[in-house]
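Use the sequences and the hints to build the structure in full.
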Amino acid sequence: MNKNIDTKKIIISNPLKLDCGKEINNFPIAYETYGELNSEKSNAILVFHALTGDQYVSGKNPITNKDGWWNYVVGENKPIDTNKFFVICANVIGGCMGSYGPSTINESTGKQIGTDFPIITINDMVNAQYELIKYLEIEKLFAVVGGSMGGMQVLQFVANFPDKAKLAIPIACTSSHSAQNIAFNELGRQAIMADSKWENGFYSNYKLNPDKGLAVARMAAHITYLSEKGLQEKFGRKLQDRDSLRYGFEADFQIESYLRYQGSVFVDRFDANSYLYITRAMDYFDLSKQYKGNLSDAFKETKTKFFVISFTSDWLYPTSENREIVIALNSIGADVGFVEIESDKGHDSFLLDVPSFLKTLGDYINSTYKVINERRI
Amino acid sequence: MKEEFNIISNLIEENTRVLDVGCGNGDLMKFLQENKTKDIRGLEISKEKVQNCLSKGLTVIEGNAESDLKQFPKSSFDYVILSQTLQAFLNPELVINELLKVGKKVIVTIPNFGYWRVRLQLLFKGTMPVTENLPHEWYNTPNLHMCTIKDFYNFCSSKNIKIFKSIALKKSRISEINKSNLNYKNLDSHLGIFLIES
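Here the protein sequences come in this chain order: G and L. If you're matching positions, the first sequence starts at 34 in this note's numbering and goes up one per residue. If you're matching positions, the second sequence starts at 6 in this note's numbering and goes up one per residue.
Calculated directly from the structure, the hints in this document are not laboratory data. Be a bit skeptical, because a hint or two may be false.
Stated by the list, open to error - Simulated coverage check for chain L against chain G, where a stretch passes if three residues somewhere in it have a Cβ under 8 Å from a Cβ of chain G: (1) 45-56; (2) 61-74.
To be verified - Have a look at the derived ranges for each label pair, beta carbon to beta carbon: (3) G:Pro388 <-> L:Asn11: 33 to 43 Å; (4) L:Pro78 <-> G:Lys167: 34 to 44 Å; (5) L:Pro147 <-> G:Arg279: 47 to 57 Å; (6) L:Tyr189 <-> G:Lys325: 55 to 65 Å; (7) G:Lys392 <-> L:Trp121: 37 to 47 Å.
Said to hold, decoys possible - Only pairs whose alpha carbons sit at most 20 Å apart, straight line, appear in this in silico SDA-like list of lysine to any residue: (8) L:Lys109 <-> G:Ile365; (9) L:Lys61 <-> G:Asn399; (10) G:Lys336 <-> L:Asp83.
From a predicted model like this one, the values you see are computed outputs, not experimental measurements. No residue lacks a Cβ here, since even glycine has one placed at the ideal position from N, Cα and C.
So this is what it looks like as structure tokens:
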């Protein structure tokens, strides 16, 4: 949430027309960068974060004091090596880590915007982040990379700005949110809205927080990020700090205790309204619909190289949905590579220590960077 | 292997668009990238091999030629290469048809089951042939549809597939195959290389 920590922030003065029809201007984008931009400005990588991520990709997150959300991937001598690349990540609009969102204070009222915040889309998020790239005066990014909702932003970015990235790596994502995806998001939103402390989204006016609802939303979502096999192997029916069942509703099982913990730590760092807005943006995402039902048309104008990655045990954004992106790209002869990585860790695989994923991603980015540089010479 | 790569490379014009079907660890792709064209893609069924290729920066898609060639538009590649994999498909005829759709020209190489060393094993030992080129036992071979140079030659004629060039390889000796020497080349070569078009 908006705690008073110095986040890097710019104010976008250009008006941004949102998909919902409203226009916003003079709004903040909070961001973080890692590594150095080289003199040719050819080593910049824009990373897009997922639903509950933020701009703190690597190192320590100064607000939560926890590791950055993509520490396995981004950092010194990591697959995206910050000794070599200039990595940029912005908090999406609708978020709660300093960018314009429902917890932003409306200066005229001195109160949080709450549910007066306009509905935003993946397209709006990407357009807002493009303003940051312009501000940083980067003519062409080396790469745009992201997993899950970050992957959706990668796809939208290339569709909107076909000549602004040499390489695009959408990971564990989809070009259109499925009924199952929408269903799980709706479950989360209903949990938040059913919390009496939600107050139609104006909880901060009453110094309340719908933390119970938000925790339930997080618990339900967290299950979708794992795999059945992973859960069974890690928890099985193991009991939590006890030798036998207590015949009650306490957390007898380790999995219950684990989910409760995940829910409780989440509410300390995330705003319930942001959760509503961002899940809505994901549900509205349907890139092929934006191009009259033909996903290929989204990428017709681009020469960007694509590398699509999925995971065997990801049932939230399964390989088949990632493959549809590959098929759409192939059908227009675009330059696309694809691999499905073997992992038991479910959708969360892209955030975790999955060695074959980290190796393939790192090697691919580095050798492609080399090839593109050699070609220029 | 090197000879085969050289022959394939010589069949390809410079700076053309190439797809290597069943590209394995990407050795041929690398070779062609260094010698002929940068614009080369691969399709490979094994995850591990796809990861090896991607690690080298090669553009490879994990997929199965029998089901995934469909997604490429007609004539989207100048050349499609199928190196020593035709015999491993469930339906080689379908694969050849798909290749001919996707590629303007197709290069197919065939481990020759008609090679005399192969024939002798079956004739004298009475067991399924195991050679340097075909190292598997009958019970673990991925090769479902072995054929000979002559079989493939006849297949092309019967399906009205144009053969632009057909080359026989024995050790490192290269020769052309034609109608009149077909029986001899079928006996004396371990590999056949065909450049075809629908």
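Tested hints:
Counting residues of the region 45-56 of chain L whose CB falls under 8 Å from any CB of chain G gives 4; the rule of at least 3 is met. Residue count for the region 61-74 of chain L with a Cβ under 8 Å from a Cβ of chain G: 8. That meets the three needed, and the coverage hint holds. Checked against the hint of 33 to 43 Å, the pair Pro388 (chain G) and Asn11 (chain L) passes, with Cβ atoms roughly 37 Å apart. Roughly 35 Å separates the CB atoms of Pro78 (chain L) and Lys167 (chain G), a value that falls within the hinted 34 to 44 Å.
Distance hint check: the CB atoms of Pro147 (chain L) and Arg279 (chain G) are about 56 Å apart, consistent with the given range 47 to 57 Å. In this structure, Tyr189 (chain L) and Lys325 (chain G) meet the distance hint of 55 to 65 Å, their C-beta atoms being roughly 59 Å apart. For Lys392 (chain G) paired with Trp121 (chain L), a C-beta distance near 45 Å keeps the hint of 37 to 47 Å intact. Restraint check for Lys109 (chain L) and Ile365 (chain G): the C-alpha separation of about 16 Å stays at or below 20 Å, so the hint holds.
Distance restraint check for Lys61 (chain L) and Asn399 (chain G): the Cα-Cα separation of roughly 9 Å lies within the 20 Å cut-off, and the hinted pair is therefore satisfied. For a cut-off of 20 Å, the pair hint linking Lys336 (chain G) to Asp83 (chain L) stands: about 19 Å separates their Cα positions.
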